[in-house]
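Enquirer: Each chain, letter by letter, is given below.
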Amino acid sequence: MTPRTLYQKIWDAHVVERRPDGTCLLYIDRHLVHEVTSPQAFEGLRMAGRRVRRPDLTLAVPDHNVPTTPRVRPDGSRMPIADPASAEQLATLERNVAAFGIPFINDRAAAQGIVHVVGPEQGFTLPGTTLVCGDSHTAAHGALGALAFGIGTSEVEHVLATQTLLLKPSRTMEVRVDGDLGPGVTPKDVVLAIIGRLGAAGGTGHVIEYRGSTFDAMSVEGRLTVANMSIEAGARSGLFAPDEKTIAYVAGRPMAPTGAAWERMAAWWRTLHTDEGATFDASIVLDAADIAPTVTWGTSLDDVVPITGRVPDPDSFAEPARREAARKAIAYMGLEPGMPMTAVPVKNIFIGSCTNSRIEDLRAAAAVLSGRRVHDRIRQALVVPGSGLVKRQAEAEGLDRVFTAAGFEWREPGCSMCLGMNPDKVPAGERCASTSNRNFVGRQGPGARTHLLSPAMAAAAAVTGRITDVRELAA
Amino acid sequence: MMPVTRIAGRAIPFGQANVDTDIIIPAEHLKTISRVGLGRFAFETLRSLPDNLFNRPENVEAPILIAGDNFGCGSSREHAVWALMDMGVRAVIAPSFSDIFSGNAFKNGMVTVALPQAVIDRLLATAAQGWVEIDLDAQAVTTSAGDRFGFDMDAFRRECLMEGRDEIGLTLMSEGAIDAYEAQALQLGWQMTSARVA
Ligand code: SF4
Numbered sequence: 013m014t015p016r017t018l019y020q021k022i023w024d025a026h027v028v029e030r031r032p033d034g035t036c037l038l039y040i041d042r043h044l045v046h047e048v049t050s051p052q053a054f055e056g057l058r059m060a061g062r063r064v065r066r067p068d069l070t071l072a073v074p075d076h077n078v079p080t081t082p083r084v085r086p087d088g089s090r091m092p093i094a095d096p097a098s099a100e101q102l103a104t105l106e107r108n109v110a111a112f113g114i115p116f117i118n119d120r121a122a123a124q125g126i127v128h129v130v131g132p133e134q135g136f137t138l139p140g141t142t143l144v145c146g147d148s149h150t151a152a153h154g155a156l157g158a159l160a161f162g163i164g165t166s167e168v169e170h171v172l173a174t175q176t177l178l179l180k181p182s183r184t185m186e187v188r189v190d191g192d193l194g195p196g197v198t199p200k201d202v203v204l205a206i207i208g209r210l211g212a213a214g215g216t217g218h219v220i221e222y223r224g225s226t227f228d229a230m231s232v233e234g235r236l237t238v239a240n241m242s243i244e245a246g247a248r249s250g251l252f253a254p255d256e257k258t259i260a261y262v263a264g265r266p267m268a269p270t271g272a273a274w275e276r277m278a279a280w281w282r283t284l285h286t287d288e289g290a291t292f293d294a295s296i297v298l299d300a301a302d303i304a305p306t307v308t309w310g311t312s313l314d315d316v317v318p319i320t321g322r323v324p325d326p327d328s329f330a331e332p333a334r335r336e337a338a339r340k341a342i343a344y345m346g347l348e349p350g351m352p353m354t355a356v357p358v359k360n361i362f363i364g365s366c367t368n369s370r371i372e373d374l375r376a377a378a379a380v381l382s383g384r385r386v387h388d389r390i391r392q393a394l395v396v397p398g399s400g401l402v403k404r405q406a407e408a409e410g411l412d413r414v415f416t417a418a419g420f421e422w423r424e425p426g427c428s429m430c431l432g433m434n435p436d437k438v439p440a441g442e443r444c445a446s447t448s449n450r451n452f453v454g455r456q457g458p459g460a461r462t463h464l465l466s467p468a469m470a471a472a473a474a475v476t477g478r479i480t481d482v483r484e485l486a487a
Numbered sequence: 003m004m005p006v007t008r009i010a011g012r013a014i015p016f017g018q019a020n021v022d023t024d025i026i027i028p029a030e031h032l033k034t035i036s037r038v039g040l041g042r043f044a045f046e047t048l049r050s051l052p053d054n055l056f057n058r059p060e061n062v063e064a065p066i067l068i069a070g071d072n073f074g075c076g077s078s079r080e081h082a083v084w085a086l087m088d089m090g091v092r093a094v095i096a097p098s099f100s101d102i103f104s105g106n107a108f109k110n111g112m113v114t115v116a117l118p119q120a121v122i123d124r125l126l127a128t129a130a131q132g133w134v135e136i137d138l139d140a141q142a143v144t145t146s147a148g149d150r151f152g153f154d155m156d157a158f159r160r161e162c163l164m165e166g167r168d169e170i171g172l173t174l175m176s177e178g179a180i181d182a183y184e185a186q187a188l189q190l191g192w193q194m195t196s197a198r199v200a
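Chains as they are written, first to last, in my numbering: chain A, 13 to 487; chain B, 3 to 200.
Just so you know, these hints were derived from the structure itself, not from any lab.
Each residue gets a CB set at the ideal place from its N, CA and C atoms; glycine is no exception.
Be a bit skeptical, because a hint or two may be false.
[Claimed, not checked] Each pair of labels, with its calculated beta carbon distance range: (1) P181(A) with S146(B): 35 to 43 Å; (2) G350(A) with P118(B): 30 to 38 Å; (3) D139(B) with P352(A): 53 to 61 Å; (4) A440(A) with L188(B): 52 to 60 Å.
[To be verified] Sample of chain A residues at the chain B side, in silico, Cβ under 10 Å: (5) T35; (6) Q52; (7) A60; (8) I243.
With the rest of the complex left out, here is chain A (with noise of 0.2 Å):
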């Protein structure tokens, strides 16, 4: 048999139909959905008449315009939005999971939180799957070895009425890094890095396969931060092969299955791995060890620098399209060309997202706060817990009371300041050291400036009041 790549092997499991030129009908395993980009889907099934294929293979979770300051009264009364948008998109998302008989987690709920946290946390998201959701992060749940991407509400439409998409397969992309990283390196520092080598777009119409020592020794958590930000390099999947820390990870989880099918399920993942002598379309590689804990300066992904470098001068880029980019980017984030990024004072602090809201993320920034303050220049600092779960566990932990002591907000879990949706927001002109995952313009809020980096920078730059390399912090 031809050698394949972990990718080929899950879709070719997956084919339902081959069409003469190439194009495949996938079948779905799995669909979270939302409450922003589902109401129109909702909509076009019921105009045309249709149902919901497989409403027991979908879940429903709201996460993007739930707000993210308490929900429930202490008298347990449910409290109401003050948004009259926001509340109506909710109350839409309800009325249809209800109408069309879909899971749902609500807002209320322990185990809500990001479709992208919620998924793994659940056992809804299981290696070998095919699982969509209309949110271009959904990349993040390769970290499983799950062939997961993001869709539009058109899709979300298709996928809900017939359980399938209409595909071409992609390009594979080989992204190997190998070797220890180095103290204060995390899994989010090794995606920006890879994001800054590959370009915003240099993983267009691929799909990436993480592979290496570094991957291998990173926890779940870690992988799903990485593959969380494929998207960002413009490739629409993020893939690990499972191994037996993925199988550990999803036992027991509580839509994960169980007796013999969980036999049956386990045997097969392990048999997901990229083939010997299979071949990828294009590759990088990147030694661990250069990696160091790595920031953006700009408004665009690839306008990243390790936290030693300074913000560029633009006329040190060959293209003159990048090099007008990076004025752009310069002049809208209010630096100088030059500027060591350690000098860059920030106002705002975000630990929150589908990036960095896990167990594991907040226990790093508590490391780095434990026993400190946030500086005077800081106007707000929020943590905003992936999930109700990891809220739970993380005030279990007394992590919470380590964040509060800071004079850290301890919020509900949402996404929150990530996309400025909800009510969090950076204001216009100021600046947010975020551990989300993008940098764009506005998106935090309507001339928000962002600078991209992981939980424990983020927990640094709060204690100094400016960008910090955490390593100068150690205890």
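We have chain A; now place chain B with the ligand onto it with these hints.
Expert: What follows is chain B with the ligand alone, placed relative to chain A:
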């Protein structure tokens, strides 16, 4: 969906690279539960600047947008396509598009044409003086400056656009194959157990 074969008229010479979906439609406008009405928020930040390209009278309701590399990168929000369509844009010409954006565009009957940067530069230089026409049948872009540029397009997408096909309806014709897949996958143990919410 409305079939499309030709789109002709003013082309907005925008040209910017890496235009992400947050630029096209900021997240605060995603609270809608409808597909229409987003046009007035399209490129909101850019349009708030004095003397911007989009608000020039000749560009209002222009059916074509000329953009730079990696257009539509970022989130999967189809609102980006709905906003563009609601402001009158029926086609975007750029050196490249994000995968999700071009898929979303296609599903709404919006045409995305990829042409090399050198061609884009030429279009940007000439568009302000006249019209641009995209012909899906001939697979060519022609302009009032006398230029003609052929382009490639996925055959299936081109056909669907030209016939205005409803993709879900098309897929439902394969329902038998989907049933068969589910039965066989169940047997092999691939078919995932149902999602259960405790
Ligand atoms: S946390 Fe941010 S990136 Fe993740 S799903 Fe929410 S909005 Fe998208």
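Enquirer: Next, verify each hint and record whether it holds.
Expert: Here is how each hint holds up against the structure:
no. : hint                             : in the structure
1   : P181(A) with S146(B): 35 to 43 Å : 40 Å, holds
2   : G350(A) with P118(B): 30 to 38 Å : 34 Å, holds
3   : D139(B) with P352(A): 53 to 61 Å : 57 Å, holds
4   : A440(A) with L188(B): 52 to 60 Å : 54 Å, holds
5   : T35                              : 6 Å, holds
6   : Q52                              : 5 Å, holds
7   : A60                              : 7 Å, holds
8   : I243                             : 8 Å, holds
Violation of the numbered hints given earlier is absent; every hint is satisfied by the structure.
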